[in-house]
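Student: Below, each chain spelled out in residue letters.
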Amino acid sequence: MDWRKYINRIDIRRSLTRKICFWTLLIAAAIFAMVFGVGAWFATQKMLKEGHQKANLELDKSILYIEKELDLIEASAQNVAFQFPKDYLPSKEIIVYMCRRYLECNPNVQGIAFAFEPECYPDVKGGYSPYLMRSGDSLRYTMLSEKYNYYDREWYAETKRQAKPRWSNPFHEVHGSVICSYCVPLYNAQGKLLGVLAVDMGLKGLTEKIEKIRPYPSSQLTVMDRNLVFIVHPNRDYILRESAMSLVEKSKGMYVPNESVMVKMKHKERGFDSFYYKDREKYLYYSPIHQSEWTVALECDADEIKADMKTIKGEMWFNTAIGLLIMLIVIGLLMRSLLRPLWRFSAAAKKIALGNFDVSLPEVKDRNELWHLRRSMNYMQEHLKQYVGELTHTMEEKGKIESELRIAHGIQMAMLPKIFPPYPERTDMHIYGTLISAKDVGGDLYDFFIRDEKLFFCIGDVSGKGIPASLVMAVTRSLLRMVAAKEDHAVGIVQALNESMADMNSENMFVTMFVGVLNLKTGEVEYCNAGHNAPYILGAEGVRPLEVEPNLPVAIEPNMTYRSQHTYLKKGESIFLYTDGLTEAENKAHELFGEERLKQELERVKETLPDEQLKSLLDSVHRHADGAEQSDDLTMLSIQYLGEGQKPSHEVVRHALTLSNNIRQVPLLGTFVDDIAREAGVSEEGTTQLNLAMEEAVVNVMNYAYPEGVVGKINLTALYDGNDLTFCIVDHGKPFDPTQAEDIDTTKPLEERGIGGLGIFLVRQLMDELTYERKNGENRLTLVKHLTSKG
Amino acid sequence: MTIEFKESEKELYVGLTGRLDTAAAAEVSGEFERIAKSADRTIVLDCTNLEYISSSGLRLFLTLRKEASAKGGKVIVRKINDSIRNVFTMTGFYSLFEMED
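Chains as they are written, first to last, in my numbering: chain A, 1 to 791; chain B, 1001 to 1101.
Misleading hints may appear alongside valid ones.
Here are the simulated DSS-like pairs of lysine-lysine, each with C-alpha atoms no more than 27 Å apart in a straight line [as the list claims (entries may be wrong)]:
#  : chain 1 : residue 1 : chain 2 : residue 2
1  : B       : Lys-1037  : A       : Lys-748
2  : A       : Lys-599   : A       : Lys-588
3  : B       : Lys-1074  : A       : Lys-748
4  : A       : Lys-54    : A       : Lys-278
5  : A       : Lys-250   : A       : Lys-61
6  : A       : Lys-748   : B       : Lys-1079
7  : B       : Lys-1006  : A       : Lys-748
8  : A       : Lys-54    : A       : Lys-212
9  : A       : Lys-204   : A       : Lys-250
10 : B       : Lys-1066  : A       : Lys-748
11 : A       : Lys-68    : A       : Lys-46
Pairwise CB distance ranges, derived in the manner of DEER restraints [to be verified]:
#  : chain 1 : residue 1 : chain 2 : residue 2 : range
12 : B       : Glu-1100  : A       : Glu-679   : 32 to 40 Å
13 : A       : Ser-683   : B       : Lys-1006  : 31 to 39 Å
14 : A       : Glu-547   : B       : Gly-1018  : 34 to 42 Å
15 : B       : Gly-1018  : A       : Glu-679   : 19 to 27 Å
16 : A       : Glu-547   : B       : Glu-1011  : 25 to 33 Å
17 : A       : Lys-775   : B       : Ser-1095  : 36 to 44 Å
18 : A       : Glu-547   : B       : Glu-1100  : 46 to 54 Å
19 : A       : Asp-503   : B       : Ser-1069  : 44 to 52 Å
20 : A       : Asp-724   : B       : Gly-1018  : 25 to 33 Å
Everything labelled a hint here was simulated from the structure, so no lab data went into it.
The beta carbon of each residue, even a glycine, is placed where N, CA and C say it ideally should be.
With the sequences and hints as input, model every part of the structure.
Tutor: Below, the structure is given as structure tokens:
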């Protein structure tokens, strides 16, 4: 059963839980990502800001340190300058002593020099210029003028020119170390320049100090003089050799702080810039030192500033993943607990499907969706119970009807001859019949019996199907046996059946029939067809359809005159009768078995025994139908004649007619007589005479056989055997023998002539024989006309 | 069966057309009773178009003939065909009526 697969637990869990988990996680992840993205952006900004602050702070720290150093030197230098006597020139020894004393008191000073104008100490060539500097733990004395002409030097010339204390450009002092000097001009009381006091600050020590300022591992601090020449740089080779501009020149675009940055630096402004150097983003923070007109620059790697952010981002991703995992587990568990009642509903539904309508449904307390589901299922249970109850009742009723139908079918089949061969002792004929019902009860019939060495046989098909048809079939079969017990001719049997059945036919049902009477002595078959399929004659000469008058089916028209026909069967010939259930047997493609196929099949079996014929035909019908359900009964009857029949020289013609005792029906008699007379070759004059004789005889019966107001039947048959034309008038009225009536005297005068007796008189005059017989409650009046001239 | 009447002072002309069988005789018996009222005159039964007659028809003719005989009239049967003439001969009616060709 396929539905079981659909309610499989695993499938439900998969589809629902998976779907919900998938979508929830997807949406949560999307929201997370969005929040994360925005947060990360803000956090990055914040971190950058903090990075900037940190860098600026470090920058300020280094500036503060440098300024402090500068201030100390400036203050001590100015103090020395202030104490220098203004009204006299101290002796050389005192000056040297002052220098020695100063260095001893100011450990942070590298050296001190007094450089005098030439006229102050004329005895010293090139000017008196003692220079005392530290060299290890000792002090080293040098006369500057012995080394170079200091008057041209920037530190001296520029201080002299500006006439105020100032920081010189950094330069290599006479012993090679890089220094920067604070130069103070010395004046006497008259305001005349005496010389310049220069106090050295060693840049080596400064460099070592500020190099330690390093907010990020790869950040570097540089100090530039007023011309942006490096004073402090991690690369010692750059000091006093390279400037910011020369580096930009050299790097050809690799080291590219903006041009405006240079301008800003030169103008001693504070600022910030970012640039790329070797594909790395760099941040440059710079600020001036006003007193010495230096610029301090701090270069940091942007990635290092953002490094923390990266760590934070990684942690956030990790946390998010953990969060989502927890969410997945929680949702999964939640779904499982939510779906648990659904399993129970599913199990209950399975039980209901298997017919257990009373199965209890799982309890649901909250008025949620499951509560509604439970209510609907409950409703379904009740209605299913009710519906199935009704259905069961209907099925029981149906079963009863079906059982009754089966019984009816049994009764119906019992009416048909079933034992074959039916006449095992007979050697002059074989007969075999079969009826296969399409539905339980059908409307086909066949029958046969032997009386007076004549085989009466019949096949019929009642219009319509089912019980109505079967009832009509049963009536037909019963009437047939009743009528055939007395009637010798096929046409008479059909005629009688037609009258009885047409009278009681309220439902307008009818029967197509073929009735035949086989004279077993002669092989003559007298037959009457009532709208049925023409039978086939099979034999050594081949297969041919029997010529039949179409005629109306039985039970349609009470006054129908049926025509009798006859033929002869030769020894070994069979007459094959069937109903249209044979030719209209359908296969699944709705193709009919058909007349052509029937003829081909009959051709194959034309010389075999009837049972073989029918079995072979049934086989081919089954092959054709190939399991398709048939809509109509299938009936076949075959009679093989094996007697030594003798065909007489002339054919026998039989007609039959039934009238009621009403003289209005006399004109019907005219047609009946005209027909047989024409077939017997009677002249027009003779026909008129026969008409008159028959009218007189029949009117006589109409007038006398039945009492006034009683409706009675008068059966007429006409037979021409090649010599005589015989009419037979049968009624069931009171005994009346017209032959006993006295003849009238035609010679009597008018006054003596009676008004009656003319009719019978005319009959006697016109016919050759007139006989009366009373038998089995019937009046049988026979009129014979000899047609062959006897001399 | 149709009947045509033509009445004058002296005679009543009755034209008979069709078959005068038992059923027709029953239908037209009323007409013949009416004709019988004129039996004091000459009644001409024109049988030119009469195809057939049965004993019932003959009885109508005979009744009319008796009535005429009683009232002093007469019945002339005009132009009967061969088969009717045969019947008339057989039954002796030929001598009872005044036949006219």
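Student: Run through the hints listed earlier and report the numbers of any the structure violates, in increasing order.
Tutor: 5, 7, 11, 16
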